[in-house]
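Colleague: Single-letter residue listing:
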Amino acid sequence: MSASDLLPFQASLEARRSSGGKCLVPYLTGGLPGWELMLEAVASAGADGIEVGIPFSDPVMDGPIIQESSELALAAGATPPGILDGLSRLDIGVPLAVMTYVNLVYRFGYERFADSMVKAGVSAAILPDMPLEEAGDWCSAADAAGVQTVMLAAPTTPDERLSRIVERCGGFVYAVGLLGITGERDSLAASAKVIAKRLKEVTDLPVLVGVGISTPEQAAEVCEVADGVVVGSAIVRRVVETRSPESVAEFVGSFREALDKG
Amino acid sequence: MNNDLKNQADELAQVFASDMVGAPTGVGRFGEFGGMFVPETLVPALHELEAAFKDAWADPVFRNELDTLLADYAGRPSPLTRCDRLGEQLGFQLYLKREDLNHTGSHKINNVLGQALLAKRMGKTRLVAETGAGQHGVATATAAALMDMECLVYMGEVDIARQELNVFRMRLLGAEVTPAVSGSRTLKDAVNEAMRDWVGTVEHTYYCLGSVLGPHPYPWMVREFHRVIGTEAAVQCRVALGADHPTGRPDVVVACIGGGSNAAGIFSGFAAFPEVDLVGVEPEGGAAIGHGIPGIVHGMKSYLMQDEFGQVSEAQSISAGLDYPGVGPEHAHLADSGRAKYEQVTDAEVIEAFQLLSRTEGIIPALEPAHALAWVVREKESLAGKNVLINMSGRGDKDVGQMMEVLGDTL
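Chains as they are written, first to last, in the numbering used here: chain B, 15 to 276; chain A, 733 to 1143.
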């Protein structure tokens, strides 16, 4: 596949990587009051792509911060079609991925959801409770619609399975940096660089580490091995606490700066 | 009698193992239901668990160790009681499978002793569990004490308030009880917390799941650990119904359904015989099969109470043990295939049944099996003259405080 054939999310990450940079993908919970403005601010702060969460009632992969933001968004009336609709009206110059749990997609209908993503200009999906074994039906629908499915790889994943995951994966590989759920951590887990290195050995896809990347310093450290980072809870905490696009953008900018310094 | 029962039960178990309630297909599928919808971090652990369970279940040493614990520690076999007074009043022969007489007060101990032994065999040092009414939590805390393992139980904040006796029992047994404070703060949220814990601790922790729920291999494994209920009951019914009875089997087998573990256990003894009706009784406010549609949560595809967007609904039941918006995938399959039927009863009917059994038979049931009883009371006309078997899955001691508030000075 030539670079011009790549779907927007992967294309953006590969462009960053081929220019010698490291990729920054902030996560934001969709449907929070003022979330579209927050997306615009984060896009202009140096994001290579943005992961938009569609909140679910029972997010088992998420820690307290994203649980709280999900509850707030749901209380504010967030729905999958509402968020996709909101995304379709945005023009922020940065490619988008959606992250949500499989039941919302299953309920919507796999084909209909994939088509709605395309209409909303979203080129990648991340479904953390849909491992390889269960990915077949969704992936068929996503492939047919032209949506990439980002698969997760964990520190517990054996080598043989890692190869099968990256084979099925598109957009980038989401390397789970530690044993645990999303949330801020004081220091970078040793497992983060290990999983990134293992993935780099088996794939040419961009390898981004997420879960437990809480500070610009941790991001820079893991990017000694990885191609980039996904930053969720640390950003979302500031979104919920400050509700200020400016201060959230400033925080995201500090990650950009740390990654650019290398 | 006990040895004889045991031998006959073993013989029957071999027959049943290959039947309707058999091993799942593919990735833990019962029909279209089941599966393994979990974060990648847990998938290798579930594969390891499946392999370990298969190995242990085929190992006579493991089986013998478990059987010995079930007999000498939990008090199996549990009796079958014929309820003459209530039966006469209702117009049919009523039998109770007395899982309420097990150590710790419910059927939950069967599964927990099996899983705790398995955890030891796998070299795990810590058990985590979710609990609704607290019966599974108490059973897990008990097994952890017995086998010298660390134990943490997640329990919804609402359930902690209404089942404070069981919270104290767990702490007395040395377990830590951590409240689940998100969502509906009941069983569903306790499962979420237990899964989140396990995602972070999977290397040394064993998740002792309390029902026929969750990702493969749990729904299958937990049912196998409860199969003993059905095999014992099948033999006991044959004896109780007498040599003159044409089949030696009851006409109807009734059990309450939250996740569905006690029902799965007793159904497994009768599912192979189409003349036996199987009835699962859900609470009106937590009727995944009655009011739900297929969905995916807690690692499985099954019937699920949810809104039009797929957000999981909060169940509302007087019984903390049945206050769950989903159901085990095998029950979803048994419902779709028509082999079992699933009915709903209201809290008010349950409160009546709770008192009725207490007064007529001197057995205070847990609120959960009182659902099964409530259904047979409502259906007494269609059940007239039949032999009806109810799985009395637990005793009501834990519910007395709550019922004191409900009934007040009406007694």
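Simulated from the structure, these hints should not be mistaken for laboratory data.
There's no promise every hint is true.
Computed footprint of chain B on chain A; a stretch qualifies when at least three of its residues, placed anywhere within it, have a C-beta under 8 Å from a C-beta of chain B [said to hold, decoys possible]:
#1 771-778
#2 1041-1050
#3 1057-1068
Please read these numbers as outputs of a predicted model, since none were measured by experiment.
Idealized CB from N, CA, C, for every residue including glycine.
Colleague: State whether the coverage of the region 1057-1068 of chain A by chain B holds or is violated, taking the criterion as 3 or more residues with Cβ-Cβ distances under 8 Å.
Modeller: violated (count 0)
Colleague: Verify this for me: three or more residues of the region 1041-1050 of chain A with a beta carbon less than 8 Å from a beta carbon of chain B.
Modeller: With 4 residues closer than 8 Å to chain B, the region 1041-1050 of chain A meets the three-residue bar; holds.
Colleague: Tell me whether the statement that chain B covers the region 771-778 of chain A is true, taking a Cβ distance below 8 Å and needing three residues at minimum.
Modeller: Check passed, 7 qualifying residues.
When each numbered hint is compared with the structure, a violation occurs for hint 3 only.
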